[in-house]
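K.L.:
With the hints as extra help, turn the sequences into a complete structure.
Number of protein chains: 2
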Amino acid sequence: MLERRTSIPVSEAVARVMKYAGEAQIEQVSINDCDGRYLGEDLVATDDVPNFDRSAFDGFAIRTEDIEGATSENPVILEVVEEIGAGDVPLKTVGLNQAVRIMTGAQMPVGATAVIPLELTETFIDQGKTKVKAKRFIEQGDYVTYRGQDMKAGTPIVEKGTYINPGVKALLATFGYHQVKVAKKPKVGVFATGSELLDVDEPLVPGKIRNSNAYMIISQIIRSGAEPVYFGKLADDLEASFAAITKALADVDILVTTGGVSVGDFDYLPIIYDRLGADVLFNKIAMRPGSVTTVAHWNGKILFGLSGNPSACYVGYELYARPIVKTLLCSKKPHLQRTKAILAEDFPKVNPFTRFVRSKIFYEDSQLYVAPSGADKSNIVSSLALCNSFIVLPGGTRGFAIGDIVDVLLLEDHDGAEWPWDQTK
Amino acid sequence: MLERRTSIPVSEAVARVMKYAGEAQIEQVSINDCDGRYLGEDLVATDDVPNFDRSAFDGFAIRTEDIEGATSENPVILEVVEEIGAGDVPLKTVGLNQAVRIMTGAQMPVGATAVIPLELTETFIDQGKTKVKAKRFIEQGDYVTYRGQDMKAGTPIVEKGTYINPGVKALLATFGYHQVKVAKKPKVGVFATGSELLDVDEPLVPGKIRNSNAYMIISQIIRSGAEPVYFGKLADDLEASFAAITKALADVDILVTTGGVSVGDFDYLPIIYDRLGADVLFNKIAMRPGSVTTVAHWNGKILFGLSGNPSACYVGYELYARPIVKTLLCSKKPHLQRTKAILAEDFPKVNPFTRFVRSKIFYEDSQLYVAPSGADKSNIVSSLALCNSFIVLPGGTRGFAIGDIVDVLLLEDHDGAEWPWDQTK
Chain A
1 MLERRTSIPV SEAVARVMKY AGEAQIEQVS INDCDGRYLG EDLVATDDVP
51 NFDRSAFDGF AIRTEDIEGA TSENPVILEV VEEIGAGDVP LKTVGLNQAV
101 RIMTGAQMPV GATAVIPLEL TETFIDQGKT KVKAKRFIEQ GDYVTYRGQD
151 MKAGTPIVEK GTYINPGVKA LLATFGYHQV KVAKKPKVGV FATGSELLDV
201 DEPLVPGKIR NSNAYMIISQ IIRSGAEPVY FGKLADDLEA SFAAITKALA
251 DVDILVTTGG VSVGDFDYLP IIYDRLGADV LFNKIAMRPG SVTTVAHWNG
301 KILFGLSGNP SACYVGYELY ARPIVKTLLC SKKPHLQRTK AILAEDFPKV
351 NPFTRFVRSK IFYEDSQLYV APSGADKSNI VSSLALCNSF IVLPGGTRGF
401 AIGDIVDVLL LEDHDGAEWP WDQTK
Chain B
1 MLERRTSIPV SEAVARVMKY AGEAQIEQVS INDCDGRYLG EDLVATDDVP
51 NFDRSAFDGF AIRTEDIEGA TSENPVILEV VEEIGAGDVP LKTVGLNQAV
101 RIMTGAQMPV GATAVIPLEL TETFIDQGKT KVKAKRFIEQ GDYVTYRGQD
151 MKAGTPIVEK GTYINPGVKA LLATFGYHQV KVAKKPKVGV FATGSELLDV
201 DEPLVPGKIR NSNAYMIISQ IIRSGAEPVY FGKLADDLEA SFAAITKALA
251 DVDILVTTGG VSVGDFDYLP IIYDRLGADV LFNKIAMRPG SVTTVAHWNG
301 KILFGLSGNP SACYVGYELY ARPIVKTLLC SKKPHLQRTK AILAEDFPKV
351 NPFTRFVRSK IFYEDSQLYV APSGADKSNI VSSLALCNSF IVLPGGTRGF
401 AIGDIVDVLL LEDHDGAEWP WDQTK
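Line by line, the protein sequences are chains A and B. The numbering of the first sequence is full-length UniProt numbering, which starts it at 1 and goes up by one. The numbering of the second sequence is full-length UniProt numbering, which starts it at 1 and goes up by one.
By construction, these hints were calculated from the structure, which means they are not laboratory data. Where hints are given, some of them may not hold.
Where chains are identical, the list cannot tell them apart; a pair therefore holds if satisfied intra-copy or between any two copies.
[Said to hold, decoys possible] Pairs of lysine-lysine, BS3-like flavour, derived with a Cα cap of 27 Å:
1. 284 x 135
2. 181 x 160
3. 152 x 360
4. 19 x 184
5. 181 x 233
6. 349 x 135
7. 360 x 160
8. 332 x 360
9. 187 x 333
10. 340 x 360
11. 360 x 333
P.N.:
As structure tokens, then:
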């Protein structure tokens with residue numbers, strides 16, 4: 001018997017899923033292990049930057065009033081009373097016609113009001129004393145960075161939920177965060193379904209294909225910042241499958257299945273949702289590929305029933321599961337970033353429903369271009385390899401031509417979007 | 001004594017370094033551990049895709065000659081002789097006025113020439129036999145994907161050196177690569193230098209700052225695909241430093257030091273290179289920041305003497321060390337991808353030398369924009385947090401205005417460039 005399903009727009013489907021986004025859990029990790037994690041609290045300057053008046057150049061700390069009128073021809077001669085390396089603490093005060101040799105980053109001695117760069121000076125020994133010729137006048141404060149000039153203690157610098165890249169890590173180190181509060185990685189369980197699936201190390205036999213979806217989804221889970229837990233293939237047996245899913249749900253925050261959600265006679269995931277008493281949020285979406293994508297909610301966990309078709313499975317994860325993961329990673333922009341690009345190839349297909357075309361963006365002369373990343377047959381995995389974006393073509397359109405401006409969703413960006421679904425359905 | 005150094009253009013510096021790029025080492029990892037690694041061989045289709053004639057739709061496998069002229073009003077009635085699920089092998093041949101119920105992805109039975117979608121049919125029972133009404137004519141081959149139609153066995157699909165993303169991993173699984181040949185991660189050693197450096201867990205004291213460069217560089221090493229080995233801080237003692245560097249070189253492919261390469265009195269890395277007998281490729285580059293960046297070659301290893309200034313250190317790694325790492329990861333495009341973008345803010349500074357401004361690219365209406373990611377003071381680390389690109393401003397220019405088209409180098413892209421240095425120096 002054919003089950004009747006009512007399809008809903010993509011924006012509505014995303015909205016229904018997002019209602020069940022959980023609360024982020026925070027944990028502490030060593031700064032050595034924080035790469036690629038997401039900040040679990042705002043990063044705040046714990047000290048002034050710099051934390052002391054600091055030389056911004058290699059040269060001599062001087063009093064500007066001593067070198068008024070200095071030129072190459074008429075240099076002013078100062079006595080060098082101390083030498084301060086970076087990390088040293090100056091012991092002497094700079095007095096009348098005195099100078100202190102100072103390295104970049106070293107603490108300014110008391111009395112000095114500027115640093116004259118080494119290039120504008122000449123050192124010599126006079127009766128056993130080190131002297132320096134200042135060959136140019138400089139203004140008060142020149143080549144000095146004053147305490148707090150770059151940043152005041154207490155300033156929030158990087159927002160909670162930010163991806164920790166090399167620059168963020170440098171800031172964490174600068175401000176002494178040797179333990180870093182990060183969002184705990186949500187655990188995402190994965191089951192593959194389909195009696196046609198062989199393991200990746202099995203030789204092909206007639207009628208069968210190797211399971212690629214599970215590997216792909218695990219990789220998407222990792223890319224989105226979560227921790228995958230692979231439970232293997234669901235048995236063909238309903239009872240065994242129900243037991244396996246119930247058991248798995250105890251160990252994960254989110255459960256993804258691939259396949260088993262269409263209206264084919266052997267697709268019994270809907271039966272499992274029903275028996276579980278899960279609240280099915282939708283089981284049909286006005287989109288291609290992935291119209292059969294089904295999402296259910298049960299006991300604080302979200303169950304993503306993704307299509308068994310590789311492209312639909314890929315798209316389904318990015319549109320519906322990724323924002324849930326990102327929300328659990330403290331992101332305020334959990335969705336894919338949406339922008340516009342110039343279509344670099346004709347796309348003549350009609351689009352009865354919103355279509356997501358696996359695509360590759362590229363740049364030319366400050367313009368963003370996009371082209372389908374391979375033949376757009378939903379059963380070809382090869383188009384996924386180069387994919388770094390989706391072209392979004394609105395439903396009810398008749399095909400697009402090279403040069404047309406189209407919407408794209410970016411897959412490999414760390415900015416994300418608050419809500420990219422306003423304009424199209 | 002002030003050492004005299006001759007500065008060379010950036011393109012020349014990169015060229016000198018690239019001469020010493022080593023050979024990639026290949027290792028095998030389980031497909032479960034291949035995420036984010038780089039392919040160590042071309043990924044080739046090991047089988048035809050599909051590997052058998054396959055139904056592309058849920059429906060009935062039929063002989064098109066049997067349903068000529070079929071319409072809703074005048075459907076053709078066929079006898080259903082078998083039901084084939086995905087993964088099943090058809091046992092019967094489709095003969096005159098026969099049909100086989102078939103699921104998406106299942107193997108086509110012998111005799112059938114097309115699949116009529118379920119929606120265009122109606123099933124009923126007639127005298128204990130299952131029959132189906134075909135309500136429309138379809139062409140031969142409709143809704144069938146023939147063996148090898150999507151891809152022939154032997155076709156190279158993804159090139160050696162490609163970053164393994166979810167799509168590439170799906171292909172690896174599809175073609176049975178349960179063990180994946182990947183480029184071995186180059187080992188990059190890191191020493192920090194500078195007596196002003198505190199450990200990240202130490203409280204600030206006058207004259208000192210926390211070591212942030214080492215953490216930043218380690219993160220950059222990870223981002224570029226290599227394995228960092230942190231050796232800690234070099235002692236202030238020349239003998240001890242020499243011994244530590246000699247020992248470290250035995251364990252790594254590449255050695256990065258931060259600081260200790262300017263012409264300040266306490267910068268003794270040049271002395272160490274000299275004593276080691278290393279071939280110094282250059283010690284001054286016509287660029288800002290990072291003019292003191294020094295690279296040496298010794299015994300098949302490259303020693304990167306990066307500036308102690310955080311921004312210069314950051315830029316130095318990306319311009320000179322990253323392409324060496326990427327080459328060892330089999331990439332044919334090891335350099336940063338270069339493109340153009342519209343400047344979104346004035347940049348009034350004069351540029352006596354080629355300047356690399358830490359920046360953030362963003363998109364608006366299919367245009368690529370770029371803005372400095374923070375105050376462009378080379379001693380401010382905060383501008384690094386949002387940095388995903390460098391603006392490249394040619395030397396000898398007088399400042400740039402909002403709306404100007406500028407060159408940018410992209411930091412977070414997996415495409416890279418063969419040689420981005422042709423146009424500017």
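K.L.:
Now look at each hint and say whether the structure bears it out.
P.N.:
The hints, checked one at a time:
When the C-alpha separation of residue 284 and residue 135 is checked against a cutoff of 27 Å, the pair qualifies only between copies, where the shortest distance is 25 Å, while the shortest distance within a copy is 79 Å. Taking identical chains as interchangeable, the C-alpha atoms of residue 181 and residue 160 lie at most 27 Å apart only when both belong to the same chain, with a minimum of 9 Å there against 38 Å between chains. Taking the shortest alpha-carbon separations for residue 152 and residue 360, only the inter-copy value of 23 Å comes in at or below 27 Å, while the best intra-copy value is 43 Å. When the C-alpha separation of residue 19 and residue 184 is checked against a cutoff of 27 Å, the pair qualifies only within one copy, where the shortest distance is 20 Å, while the shortest distance between copies is 44 Å.
In this assembly of identical chains, residue 181 and residue 233 lie within 27 Å of each other by CA distance solely across copies; the values are 26 Å between and 36 Å within a copy. Proximity of residue 349 to residue 135 under the C-alpha cut-off of 27 Å is restricted to the inter-copy arrangement: shortest distance 25 Å between copies versus 74 Å within a copy. For a Cα distance limit of 27 Å, the shortest separation of residue 360 from residue 160 across copies, 19 Å, qualifies, whereas the shortest one inside one copy, 30 Å, does not. When the C-alpha separation of residue 332 and residue 360 is checked against a cutoff of 27 Å, the pair qualifies both within a copy, at 26 Å, and between copies, at 19 Å.
With identical chains, the CA atoms of residue 187 and residue 333 are at most 27 Å apart within one copy only, with a shortest distance of 20 Å there and 35 Å across copies. Within a single copy, residue 340 and residue 360 get their C-alpha atoms as close as 13 Å, and across copies as close as 18 Å, so both meet the 27 Å cut-off. Taking the closest pair of Cα atoms, residue 360 and residue 333 come within 27 Å of each other both inside a single copy (22 Å) and across two copies (17 Å).
In the structure shown, no violation is registered for any of the earlier numbered hints.
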